[in-house]
Amino acid sequence: MGTSSSTAAAGLSFGGLMSKYHKQLSNHRWEWVRRAILKRDGFRCRQCQRPGRLEVDHVQSLKRGGAAWDFSNLQVLCRLCHLQKTRHENVSALTVPGQKEWRELIETMVSG
Numbered sequence: 323m324g325t326s327s328s329t330a331a332a333g334l335s336f337g338g339l340m341s342k343y344h345k346q347l348s349n350h351r352w353e354w355v356r357r358a359i360l361k362r363d364g365f366r367c368r369q370c371q372r373p374g375r376l377e378v379d380h381v382q383s384l385k386r387g388g389a390a391w392d393f394s395n396l397q398v399l400c401r402l403c404h405l406q407k408t409r410h411e412n413v414s415a416l417t418v419p420g421q422k423e424w425r426e427l428i429e430t431m432v433s434g
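Numbering (this note's numbering), first residue to last: 323 to 434.
In short, the hints are calculated from the structure, not lab data. Warning: the hint list may mix true and false statements.
Said to hold, decoys possible - Computed list of lysine to aspartate or glutamate pairs in EDC-like fashion (alpha-carbon distance at most 16 Å, straight line): (1) K385 - D363; (2) K407 - E377; (3) K361 - E377; (4) K407 - E429; (5) K407 - D379; (6) K385 - E411; (7) K422 - E411.
Stated by the list, open to error - What follows is a list of derived Cβ distance ranges for each label pair: (8) A358 - T408: 39 to 45 Å; (9) L427 - G364: 36 to 42 Å; (10) E423 - N349: 39 to 45 Å.
Each residue gets a CB set at the ideal place from its N, CA and C atoms; glycine is no exception.
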């Protein structure tokens, strides 16, 4: 049951060191919350309504002030919809000189 978040946490380690956020994903509290959100959302992606490889996403990311444990800030997304949402958030967050050029380059890289 808890393999997907544990697998996600293990897959996102850097040099054997997991980020604090990804360690959080492997704890018992998160597993309980994750199961509750999956059940609440009917084990379907809120975006495309498909079942499958499902992930629990923070509607408003933690780095943008979203609440980590608030059920109203959590939603079920399939892997593809979660990747698309995250990609969009990351591209939108670029605020460096040459932002337009960076955005075009990144969009070309991820869609090509």
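Comparing the hints with the structure gives:
1. Distance hint between K385 and D363 is unfulfilled; the C-alpha atoms sit about 24 Å from each other, more than 16 Å.
2. Among the hinted pairs, K407 with E377 is consistent with the structure: their alpha-carbon atoms are about 12 Å apart, no more than 16 Å.
3. Between K361 and E377, the direct Cα distance comes to roughly 12 Å. Compliance with the 16 Å bound is thereby established for this hinted pair.
4. At most 16 Å may separate the alpha-carbon atoms for a hinted pair to count; K407 and E429 meet this at roughly 13 Å.
5. With a CA separation close to 9 Å, the supplied pair K407 and D379 stays within the 16 Å bound.
6. For the suggested pair K385 and E411, the alpha carbons sit about 11 Å apart, so the restraint of at most 16 Å is met.
7. A distance of roughly 15 Å separates the Cα atoms of K422 and E411; the hinted pair therefore holds under the 16 Å criterion.
8. One distance hint, 39 to 45 Å for the beta-carbon pair A358 and T408, is violated here, with the actual separation near 22 Å.
9. Between L427 and G364 the beta carbon distance is about 38 Å. The supplied range of 36 to 42 Å therefore holds.
10. As the Cβ distance of E423 to N349 is approximately 41 Å, the hint placing it in 39 to 45 Å holds.
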